[in-house]
Amino acid sequence: MRTFIALDLPPDFADDAAALARRLSASMEGRFLPRDTYHLTLAFLGDVDEAQLAAATDALEAACTGASPVPLRSDGLGKFGRASDATLWLGIAPAPELEQLAARLRVELRDRDVPFDAKPLKAHLTLARRARIPHVGLPHLAFPQDDEAVDVTLYKSTLDRAGAIYQPLHTVRFGTVRSEGEDS
Numbered sequence: 001m002r003t004f005i006a007l008d009l010p011p012d013f014a015d016d017a018a019a020l021a022r023r024l025s026a027s028m029e030g031r032f033l034p035r036d037t038y039h040l041t042l043a044f045l046g047d048v049d050e051a052q053l054a055a056a057t058d059a060l061e062a063a064c065t066g067a068s069p070v071p072l073r074s075d076g077l078g079k080f081g082r083a084s085d086a087t088l089w090l091g092i093a094p095a096p097e098l099e100q101l102a103a104r105l106r107v108e109l110r111d112r113d114v115p116f117d118a119k120p121l122k123a124h125l126t127l128a129r130r131a132r133i134p135h136v137g138l139p140h141l142a143f144p145q146d147d148e149a150v151d152v153t154l155y156k157s158t159l160d161r162a163g164a165i166y167q168p169l170h171t172v173r174f175g176t177v178r179s180e181g182e183d184s
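Yeah, the sequence shown ends on 184 if you go by the UniProt record's numbering, and it's all consecutive.
These are computed hints drawn from the structure, not numbers from a lab. Among the clues, some could well be false.
[Stated by the list, open to error] Ranges between beta-carbon positions, derived for each pair: (1) ARG23 <-> ASP47: 10 to 20 Å; (2) LYS122 <-> ASP15: 43 to 53 Å; (3) ARG35 <-> GLY76: 14 to 24 Å; (4) PHE44 <-> LYS79: 14 to 24 Å; (5) ARG35 <-> HIS140: 12 to 22 Å; (6) ASP15 <-> ASP160: 23 to 33 Å; (7) ASP117 <-> PRO34: 35 to 45 Å; (8) PRO134 <-> ASP113: 42 to 52 Å; (9) ALA54 <-> GLN100: 21 to 31 Å; (10) PRO139 <-> MET1: 14 to 24 Å.
[Said to hold, decoys possible] Subject to a maximum C-alpha distance of 30 Å in a straight line, what follows is the list of computed DSSO-like cross-link-like pairs (lysine-lysine): (11) LYS156 <-> LYS122; (12) LYS79 <-> LYS156; (13) LYS122 <-> LYS79; (14) LYS156 <-> LYS119; (15) LYS79 <-> LYS119.
The model shown is predicted, which means the values in this text are computed figures rather than measured ones. Each residue gets a CB set at the ideal place from its N, CA and C atoms; glycine is no exception.
Whenever a hint applies, use it, and build me the whole structure from the sequences.
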């Protein structure tokens, strides 16, 4: 099962990011992602078996114990890849709470022998894939208002022709734990 662990965005921040993406989509071609797919990946696990999934859930709970809300502040736009075929993203400014959470999560995963992509954290929210970024200036853009995130989720990711489908498997809200299907 293909999985990752991500910080969930508060609704207002996600709404603001979606408005930003709509404004960008009027200026460039690309496959802009739906708002309900927005997240900030803390650890990409890839394919895991049932035992690793259980260990990842334990690692998530341990990493979030005593964690503080994570401040979210937009830090401009960026891209991975070429301007003619890029992944366009909204950067998230570094914050000690975010970096500490990601570091704790990676330690807890490593301690439980759960494999993950160990690349350094580049805090971002993917807005579009296969974007063709114009060489001329972009329109005036309103970036999301500063906010705080309080939920971290272990997701199953299923790839299909339309893109990835994300299914929450286990969510931890700082101070509480919610499994998929429970009311919040």
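For each hint, the structure was consulted:
1. Here the CB-CB span from ARG23 to ASP47 is close to 36 Å, at odds with the stated 10 to 20 Å.
2. For LYS122 and ASP15, the Cβ-Cβ distance of about 23 Å falls outside the hinted range of 43 to 53 Å, so the restraint is violated.
3. Between ARG35 and GLY76 the CB atoms are about 20 Å apart, so this pair conforms to the stated range of 14 to 24 Å.
4. The beta-carbon spacing between PHE44 and LYS79, approximately 19 Å, falls within the hinted interval of 14 to 24 Å.
5. A C-beta distance of roughly 21 Å is found between ARG35 and HIS140, which places it inside the suggested range of 12 to 22 Å.
6. Distance hint check for ASP15 and ASP160: the Cβ-Cβ separation is about 26 Å, which falls inside the suggested range of 23 to 33 Å.
7. At roughly 24 Å, the beta carbons of ASP117 and PRO34 sit outside the given window of 35 to 45 Å.
8. A beta carbon spacing of about 46 Å between PRO134 and ASP113 agrees with the range 42 to 52 Å that was offered as a hint.
9. Hint check: ALA54 to GLN100, Cβ distance near 25 Å, so the stated range 21 to 31 Å holds.
10. Distance hint check for PRO139 and MET1: the Cβ-Cβ separation is about 41 Å, which falls outside the suggested range of 14 to 24 Å.
11. For a cut-off of 30 Å, the pair hint linking LYS156 to LYS122 stands: about 21 Å separates their Cα positions.
12. For the given pair, LYS79 sits about 25 Å from LYS156 by alpha-carbon distance, which is consistent with the 30 Å threshold.
13. The hinted pair formed by LYS122 and LYS79 meets the criterion: a straight-line CA distance of about 11 Å does not exceed 30 Å.
14. As the CA atoms of LYS156 and LYS119 are separated by approximately 20 Å, the hinted pair is consistent with the 30 Å bound.
15. For the suggested pair LYS79 and LYS119, the alpha carbons sit about 17 Å apart, so the restraint of at most 30 Å is met.
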